[in-house]
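Asker: Listed here are the chains, written in short residue letters.
There are 2 protein chains.
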Amino acid sequence: MDSIMIYVPIIMAIIGLLFMWVKRSWVLKQDAGDGKMKEISDHIYEGALAFLKAEYKLLTIFVIGASIALAVISFIVPTTHILIVVAFVFGAFFSALAGNMGMKIATKTNVRTTQAARTSLPQALKVSFGGGTVMGLGVAGLAVLGLTTFFIILFHFFMNGTWTSTEDMTIVLETLAGFSLGAESIALFARVGGGIYTKAADVGADLVGKVEAGIPEDDPRNPATIADNVGDNVGDVAGMGADLFGSYVATVLAAMVLGNYVIKDMGGNIQDAFGGIGPILLPMTIAGFGILFSIIGTMLVKIKSNDAKEAQVQGALNIGNWVSIGLTLVTCFILVKYMLPETMKMEFFGEGLKDISSMRVFYATVVGLAVGGIISSVTEYYTGLGTKPVLAIVQKSSTGAGTNVIAGLATGMISTFPTVLIFAAAIWASYAFAGFYGVALAASAMMATTAMQLAIDAFGPISDNAGGIAEMSELPKEVRTRTDILDSVGNTTAATGKGFAIASAALTSLALFAAYVTFTGIDGINIFKAPVLAMLFVGGMIPVVFSALAMNSVGKAAMDMVYEVRRQFKEIPGIMEGTGKPEYGKCVEISTKAALREMMLPGILTIGFPIAIVLLGKLVYSDNDQLTAEMLGGYMAGVTVSGVLWAIFQNNAGGAWDNAKKSFEAGVEINGEMTYKGSDAHKAAVTGDTVGDPFKDTSGPSMNILIKLTCLIGLVIAPILGGHNVETGVAQKEQEVRVEMMVDNDAAEAIVSYTTIVNGEEVVQEKKFVGTTEEVKKQVEAFRDDVKVQIER
Amino acid sequence: MDSIMIYVPIIMAIIGLLFMWVKRSWVLKQDAGDGKMKEISDHIYEGALAFLKAEYKLLTIFVIGASIALAVISFIVPTTHILIVVAFVFGAFFSALAGNMGMKIATKTNVRTTQAARTSLPQALKVSFGGGTVMGLGVAGLAVLGLTTFFIILFHFFMNGTWTSTEDMTIVLETLAGFSLGAESIALFARVGGGIYTKAADVGADLVGKVEAGIPEDDPRNPATIADNVGDNVGDVAGMGADLFGSYVATVLAAMVLGNYVIKDMGGNIQDAFGGIGPILLPMTIAGFGILFSIIGTMLVKIKSNDAKEAQVQGALNIGNWVSIGLTLVTCFILVKYMLPETMKMEFFGEGLKDISSMRVFYATVVGLAVGGIISSVTEYYTGLGTKPVLAIVQKSSTGAGTNVIAGLATGMISTFPTVLIFAAAIWASYAFAGFYGVALAASAMMATTAMQLAIDAFGPISDNAGGIAEMSELPKEVRTRTDILDSVGNTTAATGKGFAIASAALTSLALFAAYVTFTGIDGINIFKAPVLAMLFVGGMIPVVFSALAMNSVGKAAMDMVYEVRRQFKEIPGIMEGTGKPEYGKCVEISTKAALREMMLPGILTIGFPIAIVLLGKLVYSDNDQLTAEMLGGYMAGVTVSGVLWAIFQNNAGGAWDNAKKSFEAGVEINGEMTYKGSDAHKAAVTGDTVGDPFKDTSGPSMNILIKLTCLIGLVIAPILGGHNVETGVAQKEQEVRVEMMVDNDAAEAIVSYTTIVNGEEVVQEKKFVGTTEEVKKQVEAFRDDVKVQIER
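As you go down the protein sequences, you meet chains A and B in turn. In this text, residue positions in the first sequence follow this note's numbering: the first is 5, and each later residue adds one. In this text, residue positions in the second sequence follow this note's numbering: the first is 5, and each later residue adds one.
Chain A extracted, bound-state conformation:
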């Protein structure tokens, strides 16, 4: 029988989507300004739609291809159900839908923000953040709605809506993994393609416009201007949205998988008010409540004074953010107490079964909430305007581009120190509290306020666009000043948002990694086996090569753009005088095509390597699927460790270079002299920023998708590696636990013997107990329970 609790996340998701709809109507009702503004905004909107359309074409082909592959797998592997294809298609569809909604509202909000900025700053914030809220709630609402609905359907399909066994639930969750895989595949296209798009347009527009033709940024005479503005939406809005949509779904899924194994560790059956699946429902429920708290948080983001500065705007965002996090914390406490058994049994690898109180799970969620915040702060320290590391880069700019670049690289590299230590401490602590279920719940708690995080993230590019429109429409200076304040805050939130995104991707990957190990039923992943160690090396290399490919792609795409802009400047008469009209559409097309073309190779790398490793393993160790599974696990670990490092390095180096360059706008003191824009030091800083651009907006953020998708593919492949066979094989042996007991007066001697498989061979194990009859009986009973669990695993 279902518990009503299973429907709670759906209700929350619907509330979120309703609120989103109301907010959306409100934003669209706002004044969209006059002729020129509207015209530019329409260009951006159309450019964004053109990208989406081209992307969807490619996606459709990809989804069809991948679906066929999945269908073939599901026919070959008896334990994979064909429904995984349906889940996959829906996952992809929901993710694309969320991206579509977000991009549309963002491109509609930008001009309305410009118009609002003509009246007052508070109003401009209200409109731009309103657009961000629509984006955030859309993503979170669709994610929870889709995942929960699918879970309920599969739960009824495979288990008739009642708990039967861990094995059955495993099939439900394996099929549900298709939904997550679909979502993350779309994220690959959106994040990597979007990243290439935005930087190709940006670099291309700057190289010819600013450097060669000497016209300012966002000048309407530059044919690549529209593409540049579209890029902000494609990369920063849609890319980030798809990224977090994927993390959100994957985190909750992984936590559910591990919840299922908690039930197994407790004997395969628990009694609670939630149909015996409390540990599985918990992560979904936390996600549902998170939507509610994000709504509350967004309502608190407002300023009153028209003379507010960056600090006040940042403060307003912080209040909203902290309130939603605080409410999530309290709710985690209540839900954990309410939904989990007071004491659970969890298997700790190599340490055996342990009793874990539900409070320890709560502590794990505290770890998750804390880590999200701390890593964002660390990111801000290394990349924020006026911080010590950024000022050091500014100083190094005085001796040229070379020293500036070295300083930026070193800053990004050093920033891995605190970040990784915090991260390692978080893994360790949440695991110590509640095993890998704890790690997954830490991630779930962190991701609960995704809607709020995304609202804060999306508001940045919207404001950036609004400023661009103000510039292109030649509006009064105070309008640009107001949008600049919002934009400046947006730059900070972009950097911290990247910290949040990588932290969430990393925790998600670890949770998926743990789910993978439990799915395959292997004895952990032992890197003292050389094939596994070799794969750890290969995995470590992938993020580095992926980053290089992404960076090169930007370079190539930017060159295409440069040639097109040069052509237009030469061939269109009167373009520089403002009488000839640039062909914006051509530039949009070039960016679109280049982005989609260039993301193929990184995509193939990401999807192809795990499959290649499995094929290689099957070939070489045809009789040992377990070793192949360990090899793939080693690869996953390598990708995750190296990917996290390179993400931190690239994001923070890029962010620091960006703000080092920006520092010159207000003027900086170098060797006792005030130095401004246009100085040699500033030019050196611009070079650094050019290097940092693909780092922070293309290759760096792509790492998130790479590590998550790698682990998800592993999870989907897991059943092929014979997890089930082993499980059922061992499960049969359960019958063979035999107890022989000899009682002599009050003294007894008992021998428990059971069959297990060591190195592929059946081995009979025995344990002897001696003592009083009562003692022996108790010991035997306890030991038999242990053994049962041990065998089932």
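Hint data in this document are derived by calculation from the structure and do not stem from the laboratory.
Identical copies go unnamed one by one, so any copy, or any two together, can satisfy a pair.
Restricting the straight-line Cα-Cα distance to at most 27 Å, the calculated cross-link-like pairs of lysine-lysine (DSS-like) are:
(1) K666 - K687
(2) K622 - K358
(3) K358 - K341
(4) K214 - K687
(5) K622 - K349
(6) K687 - K560
(7) K560 - K392
(8) K666 - K130
(9) K392 - K687
(10) K313 - K112
Let chain A serve as the given structure and place chain B on it in line with the hints.
Answerer: Showing chain B alone in chain A's frame:
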């Protein structure tokens, strides 16, 4: 009883050292030129000595401190013997001695090469390569002499010169690890300190001399010129020498440790003509013969024509190199056949005992020899003049420093792809052939021709210096042309030498890693345990932070140099007119002090972290040393994987930038136009090279030391983590293997039962055999042997 074979390596080493002495006398007898040349050469010699002197002071303090720490450990841990301190001191002393000899001969050879270049190119090659040969043979000879002598002493001290048991030999080898630790500690100082020294002097000299004052490179008016030339010797000669000395010793040691465990797997006792320690002697013997073949190789390096170009010089070096490698290959075949049992038993983790023929060990050495060559070729492809990747960087220079830097970074990153795949394949293949003993022997074979490799490496900086002296002494142009040919070849060998060094460091680390696991007696390293996984992350971060610290150090030290040169230009009258004499010594002093000061932090990071992890583990898991050992193992794996990646990335990016810049000297075609030195594109390429300098000469090569030293520290710590206790604990259980056999006519049933420890609890395991009496007897016997070995491990 000793086998005579144990003394063979010593004899070879002595032959090598004698040949070195002859060669040394010959080089020193060469004409050292006239007044000005001699004066400059003396300045360089004195500068190098000044650095050595300052370094030795610091080293003495370090060695005393570390010896006290080791002595304390040996008192606390019963299984660590106080002799480890003696071994450590001697290891440090031998390494320093080798460095001293190499540096002295290099600084004596440079001026003699200049003088020889006045007569002919063949003579110049003969002299410069002669100096390199002295360096190479000195390093290799001292390494083999020291290690073998110490082994014999310890073998007699602990085992009376006859085989007793694996446990006793483990104590011998654990003590011998002190020698390796001493050598590698000195390498840390030499490589990291040398790297900082050379780049600080180089960058400092260029920034003020070339850029600000507009005087050419190596101009005697520049006060930092001497420091710059000293730097070439300190960094490229002494640093590389210490690095390879350390690799050489560590590789042979690790192979000996794993050879000891092969004997254990074979029942703890083998009969052969080498006192039962053939597998342990083999790596030393290969190293000994390698010295001989290096001598033969060096004798083949000569050219005849005075009009020879780079290709001929490179060809002469290649012939020598390939002949020595070929001879090593043949000898490996003979030695393996001669010294190893025809069939060995080796334990493959998770796969059980396997029969391994000695030919498979030979195949592993083939893998090692091939990998060294292939990785050098790959390095050349990514960094050589005129190769596709380098030309691509040249093209990107036309759009500015930003695109040049991005292209260089991307090239370095992409170069990890083939390198890591080859490397992973090598690990896998050599392991598949002969387990981790195979991996260690692959490394040993590769390292056998170290003397030859080092001769080729050291010849580069000697020629570079010779050119500098020609310039400073204002010799005729043809002299500089001749030295430039040698220098150009030297640049290529420097890049491929770095490929060789990282490949050897990586294989060495893996062998040490395997030795560590066997020493601690843990069940492999399972990254599915969260504390282990957390340490994998932390380990992965260390090389990144280490690199950043090294890069920042160069920046700081270079600034010190800039201020000093500026001061001299201002304060010394007539310095620019050539009438005032610059204070070279001041600049040398600054580089020396800065190098030694700045290397402290990276040093502390390297040594401190493994110790901190053990303390943390002991604190948190006070009852579970095995888990702490696994955590440290995870850390070691993280450092190695990440360190290898960052070494390849940084070395190759730096090398590619360097040659992209050099391409402009002869002129390159960009977009159809010939472009030369002084163009904007060239300036962009210079910026890239500035970034690449610390990459390829400081942080990149330091990774070698970082990963080796980390694994060595782990090995020395291993006994603290209780490996011995567990081993003896299990060994007692051996008594409890029991066979019950029931015979009925010809049919028999047997039960073998034995006690083993699972999760810290004693468990009785049983196996049943049914069949004819004869069959059962055979099966039982085979199984019992297996079980015995299994229990002992």
